Amino acid sequence: MRRLFISLVWLYFTVLLIGPIAYLCVQAFGEGLTVFLNEVMRPEAVHGFWLSAEITLIVLLFNIIFGTVTAMVLARQRFWGQTFLSGLIDLPFSVSPVITGFMLILLVGPGTILGTWFGAMGIKILYALPAMILVTLFVTFPFVVRELTPILMAIGTDSEEAARTLGANEWQIFLRVTLPAIRWGMAYGATLTIARAIGEFGAVLVVSGNILQLTQTATLHIYQSYVDFNYVGAYAVAAVLLAVSFLILIVLELVKARSSVMTDRSSQMVSS
Amino acid sequence: MSQHTVTKLALRSAAIGYVLCLILLPLTAIGFQSFEDGLTRFMDDIQQPQAKAALTLTIEAALVATVINALFGTLSAWVLVRYDFPGRAFLNALVDLPFAVPTLVAGIMIAALYGATSPIGAWLNTGGIEVLYNVPGIVLAMLFVTMPFTIRSLQPVLMELEQDQEEAAYTLGATPWQAFWHVTVPSVLPGLLTGVFLTFVRALGEFGSVVIVAGNIPLKTQVAAVYVYGEIESYNPQGATSVSVVVLIVSFLALLLLERLTRPPGQRLPALLQQVFSAQFLVLRSNSKLNSQN
Chain A
2 MRRLFISLVW
12 LYFTVLLIGP
22 IAYLCVQAFG
32 EGLTVFLNEV
42 MRPEAVHGFW
52 LSAEITLIVL
62 LFNIIFGTVT
72 AMVLARQRFW
82 GQTFLSGLID
92 LPFSVSPVIT
102 GFMLILLVGP
112 GTILGTWFGA
122 MGIKILYALP
132 AMILVTLFVT
142 FPFVVRELTP
152 ILMAIGTDSE
162 EAARTLGANE
172 WQIFLRVTLP
182 AIRWGMAYGA
192 TLTIARAIGE
202 FGAVLVVSGN
212 ILQLTQTATL
222 HIYQSYVDFN
232 YVGAYAVAAV
242 LLAVSFLILI
252 VLELVKARSS
262 VMTDRSSQMV
272 SS
Chain B
11 MSQHTVTKLA
21 LRSAAIGYVL
31 CLILLPLTAI
41 GFQSFEDGLT
51 RFMDDIQQPQ
61 AKAALTLTIE
71 AALVATVINA
81 LFGTLSAWVL
91 VRYDFPGRAF
101 LNALVDLPFA
111 VPTLVAGIMI
121 AALYGATSPI
131 GAWLNTGGIE
141 VLYNVPGIVL
151 AMLFVTMPFT
161 IRSLQPVLME
171 LEQDQEEAAY
181 TLGATPWQAF
191 WHVTVPSVLP
201 GLLTGVFLTF
211 VRALGEFGSV
221 VIVAGNIPLK
231 TQVAAVYVYG
241 EIESYNPQGA
251 TSVSVVVLIV
261 SFLALLLLER
271 LTRPPGQRLP
281 ALLQQVFSAQ
291 FLVLRSNSKL
301 NSQN
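Chains as they are written, first to last, in my numbering: chain A, 2 to 273; chain B, 11 to 304.
What the hints contain is simulated information worked out from the structure, not anything from laboratory work. Model, not experiment: these values are computed from the prediction. Take the hints with a grain of salt, since some may be wrong.
[To be verified] From the structure, some residues in chain A lie toward chain B, with a derived Cβ separation under 10 Å:
| no. | residue |
| --- | --- |
| 1 | TYR13 |
| 2 | LEU18 |
| 3 | PHE30 |
| 4 | LEU34 |
| 5 | GLN78 |
| 6 | PHE94 |
| 7 | THR101 |
| 8 | PHE142 |
| 9 | ARG165 |
| 10 | LEU167 |
| 11 | TRP172 |
| 12 | LEU176 |
| 13 | PHE202 |
| 14 | TYR224 |
C-beta: ideal position from N, C-alpha, C; glycine also.
Excised from the complex, chain B in its bound form (with noise of 0.2 Å):
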């Protein structure tokens, strides 16, 4: 054999044992124990008041953030790239600092802006609105760690989406919202159907930042991912893996969703699978992508 060769081996043999052990393993793990005491066991697990309780909160809170983004996302990616004006640059730069910012950095700006001890908490609470301790926290929580996904999945979409194919439909006699109907949703469908799921299935597992903001309170504000962890704190292994399982099954089937639903017909599963998983990072990467045109 050639060195070549060789080292080729030696390379791909590195490569599948790292990820591996390093990836595959730990989830063999979680596998085994969720089937140690049978779908029984699993069944009664989930459906503790408690557990039932965080599970519900955390699909619902994390509906909720992902609506608002979608909508606050479209409106944000839209003007960023068809308006100009002043504090464009300053407002598009900002856009990344959630990937940058600790969650629980996160967590604690929300909590302190939006406590009962600052001006702002304490304004709300005279209106009646609690954020802190209560669900409009962990919503927030949750906006502020997904923010840039459909921002930054939209943007290189409204940016090739040239003017000019909206005006060809209005020469041809549509109306704005004809135009914009066949126009221009078809062509930022996939991407912010991409930039929708992705904020669902980080929500979902959020815990540094909601674990400030929600207070903790069985039954009430406690998310999935808080629930686990005190499962894990009070030596409750069965508990906090039958959870963990349903986050990560919900998790998986989002991400399959979005597969079905943006998949270009005719192409093949397996390969379209693993570009699905490579979509949070493309949402990542294609901001390089932003600044080179600007």
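If we strip away everything but chain A, and leave its shape as in the complex, we get (with noise of 0.2 Å):
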């Protein structure tokens, strides 16, 4: 019995997972490394990469600064409707990708009350790079305030009101005493939401209108390449992105261990 659910547990993993990864590498280095960095660094290929990056960092922005600002609404206040906007916070997670990019179409597009408003004003959003930005800005929002909530709450407020009964104003208590014990959670939240902003494909597909070297960012390339038949080109792109969710899953890892020291420790002062 033992031997036979091992076994079914390696060939689960190897249909769905080792194999699946194994062979695209094989495939984006299989005609040599000159082919694969040809792909790689071609204009549109590079250009793709770049764009990713800017968005990413931007979203990461964002998220940041308003998911710690709502994280330590949730956890520090009491007001009315607070489920609601619990509720809302967790939404992006159960939305078709698609879906989320065609309700901004439904909302700034052509013709919309705020897309008029926007097109008057010369802004232009939609087919450019605000509405990337919108769309992933949605699709991440989660992470950071998910992950900053439960710690905030775990760590009190006691160690703030002794700040403040010392005397240090809003912005010091911030950064010498809640900074320090939320990091570890940040760094997480943040993590997840660089892995999703890059993969992001569906919802960018959908509001960026695609335009070569001017909206195509790398997952598009990628599915650009796929459907102009380069396979060579989209496997190429493919395994360095592949390459990059490693990455992302070992720094993940190594926060998560020094996360949980951290929230270790603060629950013990809690308990203490």
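Can you join these two chains into the complex? Each is in its own frame, and there are hints to help.
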């Protein structure tokens, strides 16, 4: 029984994960390193990498700021409609990415109130960078919030109150007391945000217009190459993103180790 | 007002304003759009042969993927927790990979390995099994992206479920089947249900991996998300809206059902709703507990 079960699990993992990953690597490097590098260094591919990095950085900044603010409000304040707000935050997890992008089109597309208004202001949202950032913000918003809320609840407000009594202002309290306690949780949420932002495809495809060298991210470039039957190009860039995912996974493991040490210590502080 | 109170109010307004604009506003937009032309139009839209076929295929494929994921996920969680064998740590670390890999890359990998041009795809083809541009490929793609859910929601429960509870049952004269049915099943059921329902909801909306492996053949391999994409591309927002709303409603109903099934007696509804919505996140997080225990 034991041996059968273990073999079945190996089989399951091989069919779903190990096999596809190994075969992609074989395909990406199958025609030699030069071909691989050529595909990865193509101007369209390089532009895609840069655009993905740009969107990820901006989204990361927003999520750290608004994610922390929202987590602090959810953990420390009681107000009417709080449960509703909390439910809304988790909603992006259960919405299909294509529908996410479509909702934005319905909101700011041509002919809508907001779309007309932004058009009159001369701001282009749809089929441009702002829309791509907005949908990525939508799909990644829960990560930092859900990471920080339980930590903030666990550490309580005692230390902050003490700092306030000693005359610290709100900003000093945040920087010197709250931030050190939540930084590893924040790093974990940030890493999840990065992973999702780099990998986002469906929502970005719908709102970007997929314009070559303009609104084409790394994932969109892979899709374009694949649809254009440039399989080697698609495999090469996909292999790069796969390597990034492995890197992210390693960072997550490292941060997790630190953050569980932090939360354990802080919960001990609360209980003692 | 003290500086503290002012800060609190400012933070609260910022958080509420941000969430309402970013998340609620787009949802309202699709809500308005779906009711603009009335219920008759909505029913007409989803009964279009192509829309109907896409919705049926999506729900069926998602159900098949959910069942397979539940079976093999339970088995994997069990084996990873209870057995010590070479490669266990490697497999355990690999479980989280689908969360980090872009869905499009997942689709590309599956298409490469199981397509007719690879040795394995060619071998499967001679056996009469077509994976790519066919339903097995769609199920495989859905399985890839949902793989961690069942495993990660069961592992912590199985760890907490000490073997001595089962052994106590044996001492009291239970057969292995009784011990399994009366001790193991009740304690793992909430975790299993959470994993299963999250798998279903995720599979329902999956796009990036499926769009590559499904081949987008109308009436045959077109799933709902791909259909919605097609309707957007061909400037038919009404058709896209109706199918989107059906997918959204099925997802929310599944989550509500999960909430009902896993609700401990006597708890208030809203608090639990919130727990269910955050359940998906807990699955991600549960892994950190595992790591600190290992």
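Fill in: Proposed interface contact between A/LEU34 and chain B, which counts if any beta carbon pair is under 10 Å
Given a least distance of 19 Å, the restraint on A/LEU34 is violated.
Worksheet item: Holds or violated: is there a CB of chain B closer than 10 Å to the CB of A/PHE30?
Response: Because about 13 Å separates A/PHE30 from the closest Cβ in chain B, which is outside the 10 Å limit, the hint is violated.
Discussion item. Is the interface hint satisfied for A/GLN78? The criterion is a beta-carbon contact with chain B at less than 10 Å.
Written reply: With a minimum Cβ separation of about 6 Å from chain B (threshold 10 Å), the hint on A/GLN78 holds.
Worksheet entry | A/LEU176 as an interface hint toward chain B, with CB separation required under 10 Å | Check failed: Cβ of A/LEU176 comes no nearer than 13 Å to chain B, outside 10 Å.
Discussion item. Given a cut of 10 Å on the nearest C-beta pair, is the interface hint for A/TYR13 held or broken against chain B?
Written reply: Holds: closest Cβ of chain B sits about 5 Å from A/TYR13, inside 10 Å.
Worksheet entry | Closest C-beta approach of A/THR101 to chain B relative to 10 Å, hint status | Cβ of A/THR101 sits 7 Å from chain B, so the hint holds.
Worksheet item: Would the stated hint for A/PHE142 survive a check requiring a Cβ distance to chain B of less than 10 Å?
Response: Holds, about 6 Å.
Fill in: Proposed interface contact between A/ARG165 and chain B, which counts if any beta carbon pair is under 10 Å
Where the cut-off is 10 Å and the nearest Cβ of chain B is about 7 Å from A/ARG165, the hint holds.
Discussion item. Min Cβ distance, A/TYR224 to chain B: is it shorter than 10 Å?
Written reply: holds (6 Å)
Item to complete: Against chain B, run the beta carbon of A/TRP172 and see if the smallest gap drops under 10 Å.
Response: holds (9 Å)
Worksheet item: Given A/LEU18 as an interface hint, is the shortest Cβ-Cβ distance to chain B below 10 Å?
Response: holds (6 Å)
Discussion item. Less than 10 Å between beta-carbons is the criterion; does A/LEU167 satisfy it with respect to chain B?
Written reply: violated (14 Å)
Violated hints, in rising order: 3, 4, 10, 12; the structure is consistent with all others.
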